[in-house]
Every structure is written in C-alpha cells, then in structure tokens.
Amino acid sequence: MERRLAACAQVVAPIASTYWWEGEVQRSDEWLLFMKTTSDRFDDLAAHVRGLHSYEVPEIVAVPLVAGTADYLEWIKRETNSGPGE
Amino acid sequence: MERRLAACAQVVAPIASTYWWEGEVQRSDEWLLFMKTTSDRFDDLAAHVRGLHSYEVPEIVAVPLVAGTADYLEWIKRETNSGPGE
Amino acid sequence: MERRLAACAQVVAPIASTYWWEGEVQRSDEWLLFMKTTSDRFDDLAAHVRGLHSYEVPEIVAVPLVAGTADYLEWIKRETNSGPGE
Chain F
1 MERRLAACAQ
11 VVAPIASTYW
21 WEGEVQRSDE
31 WLLFMKTTSD
41 RFDDLAAHVR
51 GLHSYEVPEI
61 VAVPLVAGTA
71 DYLEWIKRET
81 NSGPGE
Chain W
101 MERRLAACAQ
111 VVAPIASTYW
121 WEGEVQRSDE
131 WLLFMKTTSD
141 RFDDLAAHVR
151 GLHSYEVPEI
161 VAVPLVAGTA
171 DYLEWIKRET
181 NSGPGE
Chain L
201 MERRLAACAQ
211 VVAPIASTYW
221 WEGEVQRSDE
231 WLLFMKTTSD
241 RFDDLAAHVR
251 GLHSYEVPEI
261 VAVPLVAGTA
271 DYLEWIKRET
281 NSGPGE
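Chains as they are written, first to last, in the numbering used here: chain F, 1 to 86; chain W, 101 to 186; chain L, 201 to 286.
To be clear, the hints were calculated from the coordinates, so they are not data collected in a lab.
This one's a predicted model, so the numbers in the text were calculated from it and none came from an experiment.
Glycine residues also receive a C-beta, built at the ideal position from the N, C-alpha and C atoms.
Certain hints may be false.
[As the list claims (entries may be wrong)] Rough simulated footprint, nothing fancy, chain F against chain L, three-plus residues with beta-carbon under 8 Å: (1) 208-219; (2) 265-276.
[As the list claims (entries may be wrong)] In silico negatives: residues of chain W with every beta carbon more than 10 Å from chain L: (3) Q110; (4) A116; (5) S117; (6) E124; (7) V125; (8) R127; (9) T138; (10) D144; (11) L145; (12) A147; (13) S154.
All chains should be modelled from the sequences, with the hints used to inform the complete structure.
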C-alpha cells in the first residue's frame, strides 16, 4: 500500500487450497488477497508480492474490472498514481 | 433481490480491508458481496447498493462471466428480467 | 484434481447465499470454490462439478485471467495437460 502499487487490499482467510505440486496433490491453508490496481501497475505489484511470498510459484493473477461506479474507478487511479506517502 | 436487480448474492464476511482514504492507509472489517446480474442491470444495481452503503465511495465493480453452464446463465437472465415478485 | 480438470481449487466457506428459485427468495449456506484451469478444460470441469453438485442448476461460471506471473500461468497449463496422476 505504502508504495501505491494497489489502492486497497482485502484478505479472505483462511481458505482451504488443493493443488498439484511436484507430481502430487497438496493441501494447504492459504490467504486469498483481492487487490485493486491499474493495468499499468500490475507488473510492479506482482513483483512486489512475489518478493514477499513464501511459495516458489505463487498465484498472482488479474481479472478485469469491466464496469464500476465512476468515482470508485477514479479513486483506484488516483490512489495508485501519487508518489509514496503523498 | 426483490427488485430483480440481481439473481443472487453471496456474502463472504468478515474480510479485512486495507485502503487509502484521505491521505492515510485505513483498516476496516468489511463484507464482500458477490452478485450475479446482467450487464443491462449493472447500473441500476450499482445505484441501489450505493444508496444503502455507508461509505462515501463504496467499491461497486463488475467482472465479466466469459463462460458458464447454459442453464445457469439463462437463470440469471430470467431472474433479473421478471417484474418484482413475479 | 486427479483428472487434471483444474490445477488448483480454493474453498471459501461457509458463505451466505440468497437467490431466486421457483418464484421465491431462498437462503442457504454454500461453499465458494475458485478453480484455476484453461479455457479448453472448462466444459469438462463444469460437467464434472455438475455431476457432483446437489443443486439442479449450480453456479458454474468462468471469469478470465487477463494477466498473471508467467510461471504461474505456465503451471496452470502444465498441470491441466498431463494425463491423470502423471
């Protein structure tokens, strides 16, 4: 947040995750993190999350916002454009 | 639901939300609400949710359904088209 | 998972669901399941989930991943392409 890579983040936790890893089905408790940012900021945000994540191949994906209230979409742009702490 | 603005709504709560607001990083417990509707109905649904929400700029956004079982997609259309209570 | 229809699945539960069914607003506790797969695999995955689901018209929908870390997106393809148990 401090680096303005996302305007907000919501944590849903714990979630029960089942996945293929190294040829076996694994099970872990995980945290699901929804972050809202702009497409310009995604790569920087992804790199930042990867640097903090404990997995070798963490799930960092983006789904598109195809509609939204104008003031909220403006807010995302505004809060991910200012310099850190501004 | 009564006004047929959405066919269904699922609540995931509480979620931990962190967000920029008035120049500071704020933290709140929030409810995450997934609603299924048609693109025609989104603006009316968004206006209705905004009217009920406690935030000045609530997060009301839409992600696209690009595939789905035919009967479910039909169900969404049917349940958001009938008159109230029909 | 064993049939490689999805690379992973995350369960968020319970969620409170409200929906129109047979002319009335119904309420149930449900499980929200996020699964990651390829567009090629969606129909098979949907048919498999439907076969296991207790609802007559279960919610089985897809939202698009429009971006993601390269290794994660590769992982989804790899884990949904191999034969069962490979």
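Hints, verified against the model:
1. 208-219: With 6 residues closer than 8 Å to chain F, the segment 208-219 of chain L meets the three-residue bar; holds.
2. 265-276: It holds, with 9 qualifying residues against the three required.
3. Q110: Violated, since 5 Å does not exceed 10 Å.
4. A116: 14 Å, holds
5. S117: 16 Å, holds
6. E124: The claim holds: W/E124 sits with its nearest Cβ about 29 Å from chain L, beyond 10 Å.
7. V125: 25 Å, holds
8. R127: The assertion about W/R127 holds, with a minimum of 21 Å to chain L.
9. T138: 13 Å, holds
10. D144: 16 Å, holds
11. L145: 14 Å, holds
12. A147: The claim holds: W/A147 sits with its nearest Cβ about 19 Å from chain L, beyond 10 Å.
13. S154: 19 Å, holds
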